[in-house]
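Between the sequences and the hints, there should be enough to build the whole structure, so can you do that?
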Amino acid sequence: MYSDLELDVLKEIGNIGAGNAATALSALLSKKVDMQVPQVKMIPFDEVSESVGGPESLVVGIFMRFDGALEGNILMVLPKLDAFNLVNHLLNQDKKASDSFTEMEQSALVEVGNILSSSFITALSDFTQMQLKVSVPGFAYDMAGAIFSFPLSLYGYMGDMAFLIETQFTEGLDKTKLHFFLIPDDESFKSLLKAIGVNVGE
Amino acid sequence: MLVSEIVRVGMAEYKVAKSPTILVSLGLGSCVGVALYDSVKKIGGLAHIMLPDSNSSSKKLFNPGKFADTALDALLQEMIKLGANPRRIEGKIAGGAQMFQVKTDNNIMKIGKRNVEAVRAKLDSMNLKIIGQDVEGNYGRTIEFSCETGILTIKTIGKGTKTL
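Chain order of the listed sequences is Z and D.
Position one of the first sequence corresponds to residue 1 (my numbering), numbered consecutively onward.
Position one of the second sequence corresponds to residue 1001 (my numbering), numbered consecutively onward.
Treat each hint with caution, since some may be false.
[To be verified] No farther apart than 27 Å at their CA atoms in a straight line, the calculated lysine-lysine pairs in the DSS-like style are these:
1) Z:194 / Z:177
2) D:1113 / D:1155
3) D:1162 / Z:80
4) Z:190 / D:1110
5) D:1110 / Z:41
6) D:1162 / D:1110
7) Z:177 / Z:31
8) D:1162 / D:1113
9) D:1041 / Z:190
10) Z:96 / Z:32
11) D:1155 / Z:96
12) Z:175 / Z:194
13) D:1113 / Z:194
14) Z:96 / D:1041
15) D:1129 / D:1162
16) D:1060 / Z:190
17) D:1060 / Z:41
18) D:1103 / D:1113
19) Z:41 / D:1059
20) D:1103 / Z:133
21) D:1103 / D:1159
22) D:1113 / Z:133
23) Z:96 / Z:11
24) Z:190 / Z:175
25) D:1155 / D:1042
26) Z:11 / Z:175
27) Z:133 / Z:96
28) D:1159 / Z:80
29) D:1110 / Z:133
30) Z:133 / Z:194
31) Z:31 / Z:80
32) Z:32 / Z:177
33) D:1060 / D:1110
34) D:1041 / D:1081
35) D:1042 / D:1129
36) Z:95 / D:1159
37) Z:41 / Z:190
38) D:1155 / Z:80
39) D:1059 / Z:190
40) D:1129 / D:1155
In short, the hints are calculated from the structure, not lab data.
What you are looking at is a predicted structure, and each value in this text was computed from that prediction instead of being measured.
This is the structure we're talking about:
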């Protein structure tokens, strides 16, 4: 699907977007946020949920579609305990992890997704001079496999691998981990590479 | 007492087995799990289908397990090879959820519903009856199919456990 050079460029683009997102997250939490260098992954469908604990692990997923010059999905995933850590911090409360979130807690998590994805997409759009628009986020608290199934299934038309850019953000004190996935539709990112002047092999 | 072996059926896979094996698919979202069973021979099959239609594949060579139309033919063939009689085979289906309610310009998010419709149409064209179903909604499902009893157990988070 992509050559090594193209993957490097996509990683760098991920870096620019994620750097912007980390700054926004840090401002929101008033805490230091560490960002891992984004990983560009081409892996079999079944392995995608491994980095968040496997297909049956209970996670929060905040999902957004983006379209315009590029099309794809953004998925922010927080394993159960991390989600409650984050919510407790945002709402200044001390609640134990459970099997549900109040409406207020959901809104807080959705807002984090909103801020992260808009800052990511804004950086991407500034850098490439492409017009991009992000949808209103959707919320789910469910099995990781189910949460990934929709964006992954779109790859089934092309082959047996998923392509995604994963960045992990770690909040300084409690080590709350937040996984941020950029999952472009099919080969939509080829047009992005062209836009920034990378020769794209066909 | 018989010890049941548990066999995992991953995304885009299909597997067949004899009693007392248990076939399992974890965390179905928009995917659909189709369990076929010959209750006399106690032969079962489970397909974990991702997409409705192989005609939309951009590649000519593809894994048949991904698509409703090709996966179910392949699954039935494997069951017949194992000794199942197609006239006795009945089906149960689960999955096809839409996990996120996000508005988009096209129908792209409705893949779960389209998977369910494609599976029903395909089973109908194969003259296989659907005797149980738990589909759509907005939540994930883990399914376990017992080749000993033909019972399909559906586990969810916060929505309880169901058997078909």
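- Message: Let me make sure I understand: some of the numbered hints might not hold for this structure. Which ones are they, in numerical order?
- Response: 1, 9, 12, 13, 14, 23, 24 and 27
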